[in-house]
Amino acid sequence: MEWFESGWGLSLVVFLPLIGAVVLLAIPKAEEETQKWTALLFAGASFVLSVLLVFRFDFGEAGMQLGTNVDWITAINSSFHIGVDGISLPLVVLSTFITLLSIIYSWEHWPEPHNPKAFLILILILATGMAGTFVALDLILFFVFFEVVLLPMYFMIGIWGDRDEITIPVFNITTQMRLYASIKFFLFTLFGSAFMLLGFLVLYFKGGRTFDMLELASNGAEGLLGSGLAVWVFAALFLGFAVKVPMFPLHTWLPDAHTAAPTVGSVLLAAILLKLGTYAFVRIAIPILPEQSQNWAPVIAILAVIGIIYASLACLAQTDMKRLIAFSSVGHMGFVMLGIATMTPIGINAAIIGMVAHGVITGLLFFLAGSMSHRYHTREMARLGGNQTLMPIMGAILGFTAMASLGLPGLAGFWGEFMALLAAFSPAAGLSTTLFRTLMVIGAVGTVLAAGYLLWMLQKVNFGEPKDEWAGHEFHDVDIFEKMAWVPMIIAVIAIGIFPRLVFGATNDSVIDLVAKAFGG
Amino acid sequence: MLQLLATANAALLATEEGGHAAEALSDGGLLASMAWLIPVVPMVAAFAIVFYGKRMPYKGWDIAIAVMGFEALYGTALLLAHIANPIAHDFQIEIARIGSMPIEWGWAVDGLSIMMYFLVGVVGFFVFLYAKGYMEGDIRYTWFFASFTLFAGGMLVLVSAPNMIQLIVGWELVGVSSWLLIGHYWEDHANSSAAIKAMITNKVADVGLFVGAIIVSMSVGSFRFSDILHAVETGAAEAPTLARYAFWAGLALFIGAMGKSAQFPLHVWLPDAMAGPTPVSSLMHAATMVTAGVFLVGRMFPFYLTEGFATEVRSVIIIVGALTLFLTGLIALVQDDIKKVLAYSTLSQLGYMTAAMGAGAYTAGLFHLFTHAFFKALLFLGAGSAIHAVHSNNMSDMGGLKKDMPYTYWTFVIGSLALAGIVPFAGFFSKDEILASIRYASGEFSVADGGGSLASIVLVLAISGAFITAFYMARTVFLTFHGEYKGDGHPHESPRIMWVPLVGLAVPSAVIGLINIPGATEVFTKLVGGREIPVLDHHAESFDVAMLLAGLAAALLGIFIGWRIWGPDKETQPARDTFRIPLLYPLLENKYYIDDFYMDGVIRPIRGPVARAINWTNGYVLDFIINGAGLLAMSVGKVVYWFDQRGVDGAINASGAVTGAGGGMLRLLQTGKVQQYAILIFAATVIMVGGLVIWF
Amino acid sequence: MILGQFIILGAALFSLGVYGVLTRRNAVLVLLSVELMLAAVNINFVAFDTYARDAVAGGQIFSLFVIAVGAAEVGIGLAIILLIFRNRQSANVDELDLMKL
Amino acid sequence: MIDYHALAPELILAGTVMAVLVVDMLPVRKYWTAVIGLVGLFATIVPILTLGFCESLDFCASSGVREMFGGSYVIDTFSLVLKGLFIGSAFVAVLLSVGYLESDRFWQGEFYFLMLASVLGALVMASSRDLVTMFVGLELVTGPTFLMAGWRKGEARSNEAALKFFIIGVLSAAVLLFGMSLVYGVTGELTFTGIRAGSVGVLDGDLSGLFIIGVLFTILGFAFKVSAVPFHFWTPDTYEGAPTPVTAYLSVVSKTAGFVGLLAICYLAFGEVTTLWGTGLWVLAALSMTVGNLIALRQSNVVRLLGYSSIAQGGFILVPFGAAIAADVTGADLEEAFFATVTYLVIYAFMNLGAFGVVIAVGNRLRSGEIKDWAGLFSYAPGLATMLGLFFFSLAGIPPLAGWFAKLVMFRSVLASGSGWAGALAVIAAVNSVIAFYYYSKVVISAFMEKVPDGVPVAEIREGRTAPSLQFALLLTTLGVVVIGVYPPLVSGLAEAAKTFATGF
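Protein chains in written order, with my numbering: chain W, 1 to 521; chain Y, 1 to 696; chain V, 1 to 101; chain Z, 1 to 505.
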């Protein structure tokens, strides 16, 4: 296993899906079964290897492991430096896990216009981008992976997305949902990441001429920048990361993208893509620019809490089930950002478990919303109702997932929310306790609103008598592929809820180490 | 008002003396170390029922009743062991570590939790037994028992909690399973709305619980109750952070308790929770859920009692308790739905418990919780039995059931007498202790300062409450079981599976008060006092005769007036029940308009205009900026493109028009398109060159 | 030698050329105007060369190149103009607006 | 003495040009002219390689910089890399032309003759270090392209493109020459080194006015070549009207030659007067990016869109120098600018040629360059559509396609100088790269996400075959765009070698 631990294992986890995509290219379009099995094979192999990583991972060690550092673009001092620590490990596993389940789910659920080959290729490319972002330790490598996910997602939304006509408010332009959403998604993210890249480059030139995250952190790059410049660098990074998270008020791409995307697209978008932004805050912003992170922490925290309340209230006004779930993501990511903004080990731990939990739970919610709209051909909650009668298992899973989403203790979602609030009680030294404690209370109020919109959603969707329009319809309850995709997620939600060490066990040491290095203990 | 609070505090603080000498505590041996089974078994069983229940002979009820039987036995065993030799021990299993704080699952085995294990087990057992008969033929029979088991299990997780995290977990599990149970008949919109109301009201209170738990845990640096209470024990000087935020923490925790224990003004969910099947109401109002709040205050009691910590919060607690017991009792008077009467009576009794806690009477409050659990479960089951027979919840459809339903009648009367506080039934002893405690507090208060009369007012309210309780219970008994039958069909006594539990609960309702006669049998005092950190509460050494007489007199008066109004003349009962006192009646009928205020003043605006405004902002403000920026770029592109293609013509034509007289010039410039490009190039060059020549 | 006068001559010729390019409608005349500009360039080169007494006579050599290249350009230009004339019976440059907005 | 090894690329190409003419006269199939041309281009690569790897070769007489003709003609790594780029681009451009010309029965022999002659001019420009050689090289590049632009003789648009191109071309050549004459007059020198030496302190002298006009007129001549705003007006019309392979050639080879000339003359000749043109380049870069992108937003024709896009891309290429000079950077940091420019030029060649290749292939089948007519391309020609996506998103700079690296090094060199002016230009560039994505994606949206319009003979098109030469060209460029994108050192190594040009500046 020497080879495995010297970076090959990690590289395979990242690149196997990409190899799979290339292999898929060679398979004729007609042979759909072969395509599916190929995709499953590569995604499965990537997942198995990522689990193997967990077993080879030394949990007593806070630093980077199982990685490698080889030359890549020597001309600009950028190298192929990868590795995992406790912070990235859960996220890597999460990304391979969700990818695998997405492929399983897709088996019999192809959005229009069909074309499994192209769809699977996109999923696999996405998988590489997602896993790659979590293991990259070089800013340029990170940037590339960070951006690689854009194109597949753009095409997924644009080609397989929702074909409903929408009218853009104020300007009265009518267009198809998927076209508007896909380009909005891309432009937003590109805008953010263009500035993020500028930030990276300034870091490079002023922070010791290296793109290596670890070196930048240990070099004290921030000191080299000088505070005047560091503000701008942080602002640039913030823009890039915050768009991806997304943080209020940069979130408006998200409801559209999630609503328009095909089911698997929404799942991947919610489960993994959003995490890239928050992960970057933890991995890049805090270690490299600790002082600026601290200066900006109140702003981030305030925006995060505004996001929580704002998104929850917006949820209450939604009539479209998917859009509701999409807005709820903004709220949940608000808790994650609040945790990060406290700059404490507890807060960052909370953020990471929040990311994992949100990934699984909201992913599952999107699966459910997708499957339901596939059956009912509508996502209007007013037209649903009585789903529990028509499809008892689906309804039960929806109920379970909604409970998990509102942060029911004992399920995965609780830890992220509660621990983030916990951390807000005593933020890192130098941050205003009054502010953070106020935010803690407001954030806690957000949980009430979250309960409100989720329960009312359940009431509208699941409860009551079925509407007359469904009389005579034969609805197939959850099918085998859906079960195969969802049961592991349900198990994960419960397992993490009951035994959070599954995540904290990996993250805690690394987070303590990270915070200690950034803020000197 | 503040002045009042402050002086009341001074009074209340004075009660913090006495207490019990710490006895030698044992770790409980095998019985305690295996007590993890108590919360785990029902949780596992709930899932087992979901997946395998339908294949069982009794469709899952068999699993559920076996579990509850186990709980009752284990609870009883622990109780006996504890009485014999007080046990106080925490077991903690670390499940994660966050920062330097461990997160743990565990189980506490001490007086307080053992009392709750026993209570939940025994009352639960009877209710589950009864539920088999009551739920027979239900469309979701198996599912009901799964969620019912989860409900009981959640409560056991809660009471077994040795730390804040687990308490919250159990707390929310209870909440969510109550949501499932209240909304059991979710086909009807009203039922699911009631379920949501319960959950959301509880969630509002949970903000308090969260905040309180966070403040306390973070100040101490541990989630463990033992650590927190130990910090309290060592005093404010040793735990300055905790002491500094003690008021807010205590208040926040109490707000949490107010939700679960349905204290005014967060009581609104409980009456609506009647939408669930009657066994649910029975268990929810007796041993589980509503007791959680009082339990929490009991768990954290030293924190509220110790000088330098949250002592000031106690005046809030006692006021809230008194208001609840009095105001909700009045509402019970005007209800027609028998379950609603009982629901408001539960609220009122919870008010007693809370007031007792506020008065610093740990034992009295918990003792009332204990006795109340038996007779309230009994009353609900009895009411359920009547409902089962009549197929209506309304007392106006009942009447004269006495002769058809003897078991139900007699057990219901026992329950009612216990609730009314008639000697020697259980409620008499517990209520008396509460009155005595409050008087003790108010007495001290009067001595301290002649100004306020807070505790005295509370005492008056409490005694009036006793009167009201007896009054509405008399009304209920007479309207339901006496008089003429007003419903359809012929009511029959319920099957044995339903009346056996009634009898089973009637016995403790009658006699269990005897276990804690002041000065004589202080079993319960020792029971709940057996904790690792001693609870230094006030506990009467003997009967407070004045209070005993006052309480008893109020109760008897209530029964007497009730009998006078509804008792003697059977035919005209309903007519008298429709008697409406102006002003007061509408107020009570509309529950002081609190529900309306919440609905129209808070929920609807938030769900409606506020949410829509936010959504509007999203589309019309934020997106407007984004789309506007995009479209602006497009329009600028259009302008630039126009200029690129036509602008040169335009500029030239314009200049030509200006210099119109110079026709030659104009003609010269009316040139081809290629030349326009050339002109522009030259113009650009000339500008650049000119600029630079001037510059240098 | 009076350099200034030659420079002025060159500049004047150049300006005349520019004027011609900008105002003539006929493409052949435009082409001739460009030749006028090239002539101005040649005058400059030769004048500067002589004034500076350039040892390698760079200016003069350059002017030879300019003459040669100019001739080639005229060849190309006339070919294009002929082509256009053949296609649309006109060599007016202001009619070239097929691809305008 | 003449170093024939050093001159071998030019000589071989010149020989090829002759051979093409001769073969054209022989009674053989006309595509043999193309084959000869391709072989010749391929052969030209050989001496470039031997010169480049001279150090590790036994027969190579001397290594390092080779100077000839009194320093007027120089072979260094910079010129070698660019020569390689020219040859490679020309190779692809020829491949693009073959099918196009055959299908429309154009005159083939002369076309390749002209194209190769133009390439020869580009090779000369890369090495020339005096005004005369530079001018001759430039004219050799430009002259044949006038004719190539008008190659579709019967079509009015093509004629118009040629005439516009010609008139603006000769006009700017005249302006350039006038500028050169003034520069010569003030400094008395024609070689770049001489001019640089002679221009020390000239701005403070009596002749500063003449010198300024000279320098600016010279730069203007090149600005026309690289179609920098506001000297870009001919570009869209010419690009649209000219045969598409010619447009491809113009937008890559001819444009790159312009950049090479601009760099050489600015740095080597006008190195002492950076204040004079540094700000100018900054403005040109900012204007080109912004105006090019904004106008491209409005385009409905793919070729015209690519025309404006290439204007904007030209702006991006100018950014490193605009920033570096505005920030008054010298030495090692300037190497970054050269590195960035060369990298950008190489990657730009791949992606732009590829984009035009797709446009030719699709245009051949659809007979339309209107974006809306391309709707649903993915459904009936998935391969071409995918390549379209690759090239257009590469142009937009989205990883992992090669364009991202070009943009990255561009930003990198800007920020290397670290001044406020440079930062401002970086921000402008960043915003522009977002705008650019919008119009590139417009084409992609049409091709991938919209329904096939009525009346498109889908079945027929599906049957249609892309010429093998075009397929080969597309394969080359696709591979280039993807492989470079994933492993940029392939390009950065070349650019590393070329950046030594800046040393000593």
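If you're looking for bench data, these hints aren't it; they were derived computationally from the structure. Treat the hints with caution; some may be incorrect.
What the hints assert, rightly or not - Using 25 angstroms as the maximum straight-line C-alpha spacing, the simulated SDA-like pairs for lysine to any residue come out as follows:
(1) K526(Y) - L25(Y)
(2) K526(Y) - W36(Y)
(3) K36(W) - M484(W)
(4) K638(Y) - P230(Z)
(5) K483(W) - W143(Y)
(6) K30(Z) - L49(Z)
(7) K442(Z) - K206(W)
(8) K460(W) - V602(Y)
(9) K206(W) - A235(W)
(10) K460(W) - P277(Y)
(11) K442(Z) - L25(Y)
(12) K29(W) - V132(Z)
As the list claims (entries may be wrong) - What follows is a list of derived Cβ distance ranges for each label pair:
(13) G420(Z) - V22(W): 42 to 50 angstroms
(14) F643(Y) - H374(W): 47 to 55 angstroms
(15) A66(Y) - F55(W): 53 to 61 angstroms
(16) A26(W) - F643(Y): 44 to 52 angstroms
As the list claims (entries may be wrong) - Rough simulated footprint, nothing fancy, chain Z against chain V, three-plus residues with beta-carbon under 8 angstroms:
(17) 11-25
(18) 31-43
(19) 64-78
By construction, the Cβ of each residue, glycine as well, lies at the ideal position given by its N, Cα and C atoms.
Range hint compliance [Cβ, F643(Y) to H374(W), 47 to 55 angstroms]: With a Cβ separation near 50 angstroms, F643(Y) and H374(W) satisfy 47 to 55 angstroms, so the hint holds.
Agreement of K36(W) and M484(W) with the hint, judged by alpha carbon distance not exceeding 25 angstroms: holds, 15 angstroms
F643(Y) and A26(W) - C-beta distance against the hinted 44 to 52 angstroms: Given a distance of about 50 angstroms, which is inside 44 to 52 angstroms, the answer is holds.
Satisfaction of hint between V132(Z) and K29(W), Cα-Cα up to 25 angstroms: This hinted pair is violated, its Cα atoms lying about 59 angstroms apart.
Proposed proximity, A235(W) with K206(W) (alpha carbon, max 25 angstroms): holds, 16 angstroms
Restraint status (C-alpha distance of K460(W) to V602(Y) at most 25 angstroms): holds, 20 angstroms
Restraint status (C-alpha distance of K30(Z) to L49(Z) at most 25 angstroms): This hinted pair is violated, its Cα atoms lying about 30 angstroms apart.
25 angstroms limit on alpha-carbon distance, applied to hinted pair K638(Y) and P230(Z): Satisfied, since the Cα-Cα distance of roughly 17 angstroms is no more than 25 angstroms.
Range agreement (Cβ of F55(W) with Cβ of A66(Y), hint 53 to 61 angstroms): violated, 40 angstroms
Verdict on chain Z covering the segment 64-78 of chain V, criterion of 3 CB contacts below 8 angstroms: holds (count 7)
Outcome, coverage of the segment 31-43 of chain V by chain Z - at least 3 residues whose beta-carbon is closer than 8 angstroms to one in that chain: holds (count 6)
K526(Y) paired with L25(Y) [C-alpha distance capped at 25 angstroms]: Holds: K526(Y) and L25(Y) sit about 12 angstroms apart, inside 25 angstroms.
Figure legend: structure checked against the earlier numbered hints; hints not met, in rising order: 6, 7, 11, 12 and 15.
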